[in-house]
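Those protein sequence lines, which keep their order, are chains A and B.
Using our numbering, the first residue of the first sequence is number 1, and each one after it goes up by one.
Using our numbering, the first residue of the second sequence is number 1, and each one after it goes up by one.
Just so you know, the hints here were simulated from the structure itself, not pulled from any lab data.
Any given hint could turn out to be false.
Stated by the list, open to error - If we take Cβ atoms under 8 angstroms as the criterion, some of the chain B residues that face chain A in the derived model are:
| id | residue |
| --- | --- |
| 1 | Ala31 |
| 2 | Gly42 |
| 3 | Leu43 |
| 4 | Phe45 |
| 5 | Tyr48 |
| 6 | Asp57 |
| 7 | Leu91 |
| 8 | Glu101 |
| 9 | Gln102 |
| 10 | Phe103 |
| 11 | Phe104 |
| 12 | Gly105 |
| 13 | Pro106 |
| 14 | Gly107 |
Unchecked claim - According to the in silico footprint, chain B covers these stretches of chain A (three or more CB under 8 angstroms from chain B):
| id | region |
| --- | --- |
| 15 | 52 to 62 |
| 16 | 96 to 109 |
To be verified - What follows is a list of derived Cβ distance ranges for each label pair:
| id | chain 1 | residue 1 | chain 2 | residue 2 | range |
| --- | --- | --- | --- | --- | --- |
| 17 | A | Glu20 | B | Asn51 | 38 to 44 angstroms |
| 18 | B | Gly14 | A | Thr28 | 44 to 50 angstroms |
| 19 | A | Met109 | B | Gly3 | 29 to 35 angstroms |
| 20 | B | Gln83 | A | Thr62 | 40 to 46 angstroms |
| 21 | A | Ser45 | B | Pro70 | 22 to 28 angstroms |
| 22 | B | Gln83 | A | Gly41 | 38 to 44 angstroms |
| 23 | B | Ala100 | A | Arg58 | 34 to 40 angstroms |
| 24 | A | Thr53 | B | Asn51 | 29 to 35 angstroms |
| 25 | B | Ile5 | A | Val12 | 41 to 47 angstroms |
Every residue, glycine too, gets a C-beta built ideally from N, C-alpha and C.
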Amino acid sequence: GQQVQQSPASLVLQEGENAELQCNFSSTATQLQWFYQSPGGSLVSLLSNPSGTKHTGRLTSTTVTKERRSSLHISSSQTTDSGTYLCAIDRSSGSWQLIFGSGTQLTVMP
Amino acid sequence: NAGVIQTPRHKVTGKGQEATLWCEPISGHSAVFWYRQTIVQGLEFLTYFRNQAPIDDSGMPKERFSAQMPNQSHSTLKIQSTQPQDSAVYLCASSRQNYAEQFFGPGTRLTVL
Numbered sequence: 001g002q003q004v005q006q007s008p009a010s011l012v013l014q015e016g017e018n019a020e021l022q023c024n025f026s027s028t029a030t031q032l033q034w035f036y037q038s039p040g041g042s043l044v045s046l047l048s049n050p051s052g053t054k055h056t057g058r059l060t061s062t063t064v065t066k067e068r069r070s071s072l073h074i075s076s077s078q079t080t081d082s083g084t085y086l087c088a089i090d091r092s093s094g095s096w097q098l099i100f101g102s103g104t105q106l107t108v109m110p
Numbered sequence: 001n002a003g004v005i006q007t008p009r010h011k012v013t014g015k016g017q018e019a020t021l022w023c024e025p026i027s028g029h030s031a032v033f034w035y036r037q038t039i040v041q042g043l044e045f046l047t048y049f050r051n052q053a054p055i056d057d058s059g060m061p062k063e064r065f066s067a068q069m070p071n072q073s074h075s076t077l078k079i080q081s082t083q084p085q086d087s088a089v090y091l092c093a094s095s096r097q098n099y100a101e102q103f104f105g106p107g108t109r110l111t112v113l
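Okay, chain A solo, but in the shape it has when bound (with noise of 0.2 angstroms):
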């Protein structure tokens, strides 16, 4: 079954540097999502983007999916942006479930 992996597991900047954030999937993924979810708190969705490239903000995402892989970069970073990032691919093409990775945790320093 799809496997989800995020590299690396955890993630320490100083604020207004820029973080990139991998995930790695082991079958062809026709839905893929990123989550942010800060400690305690519930899962918002940043971007889905199953292929190609997105922008949202100070979020790039980029998936090539021949490769099974996609990456979020987020620029500029602030203290805001600590917490745990998810990558969330669907189990099969098809299906409507999704399997996630286990996160990057991500700390930014004042």
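Chain A is fixed; fit chain B onto it per the hints.
For chain B alone, kept in the frame of chain A given last:
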């Protein structure tokens, strides 16, 4: 748009008691999903409905868990005879159409003593 609404936000039950969790999807969304999150297992899919019909319950523990969607405005997840290992955050999500983004509610934190 209020987003996905889940009630209660926190629930504490004694071992063996029943717990019912409620979800109100975003108006106009045709699919409703249930997941649960624990420190050890991370996020796990439980079940989902499309146009109120159950489609996939492959993630549901078979014996004590059940889910229903009696109308388009709410879904319930019922856990009978709760056990300590059922303690988790139960998350509900909804989406508009095939392969659209899933939007999550704030979750219900269930603690079974």
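Consistency of the hints with the structure:
1. Ala31: At about 6 angstroms, which falls below the 8 angstroms cut-off, the nearest Cβ of chain A leaves the hint on alanine 31(B) intact, so it holds.
2. Gly42: Interface hint status for glycine 42(B): holds (6 angstroms vs cutoff 8 angstroms).
3. Leu43: With Cβ-Cβ at 4 angstroms, under 8 angstroms, it holds.
4. Phe45: Result: holds, 5 angstroms to nearest chain A Cβ.
5. Tyr48: 6 angstroms, holds
6. Asp57: 10 angstroms, violated
7. Leu91: This interface hint holds because 7 angstroms falls under the 8 angstroms limit.
8. Glu101: Glutamate 101(B) check passes; min Cβ-Cβ to chain A is 4 angstroms, inside 8 angstroms.
9. Gln102: 6 angstroms, holds
10. Phe103: 6 angstroms, holds
11. Phe104: 4 angstroms, holds
12. Gly105: With Cβ-Cβ at 7 angstroms, under 8 angstroms, it holds.
13. Pro106: With Cβ-Cβ at 4 angstroms, under 8 angstroms, it holds.
14. Gly107: 6 angstroms, holds
15. 52 to 62: violated (count 0)
16. 96 to 109: holds (count 7)
17. Glu20(A) <-> Asn51(B): 38 to 44 angstroms: Holds, at about 40 angstroms.
18. Gly14(B) <-> Thr28(A): 44 to 50 angstroms: For threonine 28(A) against glycine 14(B), whose Cβ atoms are near 46 angstroms apart, the range 44 to 50 angstroms holds.
19. Met109(A) <-> Gly3(B): 29 to 35 angstroms: 31 angstroms, holds
20. Gln83(B) <-> Thr62(A): 40 to 46 angstroms: Given about 43 angstroms between the Cβ atoms, the range holds.
21. Ser45(A) <-> Pro70(B): 22 to 28 angstroms: Since the Cβ atoms of serine 45(A) and proline 70(B) sit about 27 angstroms apart, the hinted range of 22 to 28 angstroms holds.
22. Gln83(B) <-> Gly41(A): 38 to 44 angstroms: 26 angstroms, violated
23. Ala100(B) <-> Arg58(A): 34 to 40 angstroms: 24 angstroms, violated
24. Thr53(A) <-> Asn51(B): 29 to 35 angstroms: Holds - the Cβ-Cβ distance for threonine 53(A) and asparagine 51(B), about 33 angstroms, lies within 29 to 35 angstroms.
25. Ile5(B) <-> Val12(A): 41 to 47 angstroms: Given range 41 to 47 angstroms: violated, Cβ gap about 35 angstroms.
Going through the hint list in order, the structure does not satisfy hints 6, 15, 22, 23 and 25.
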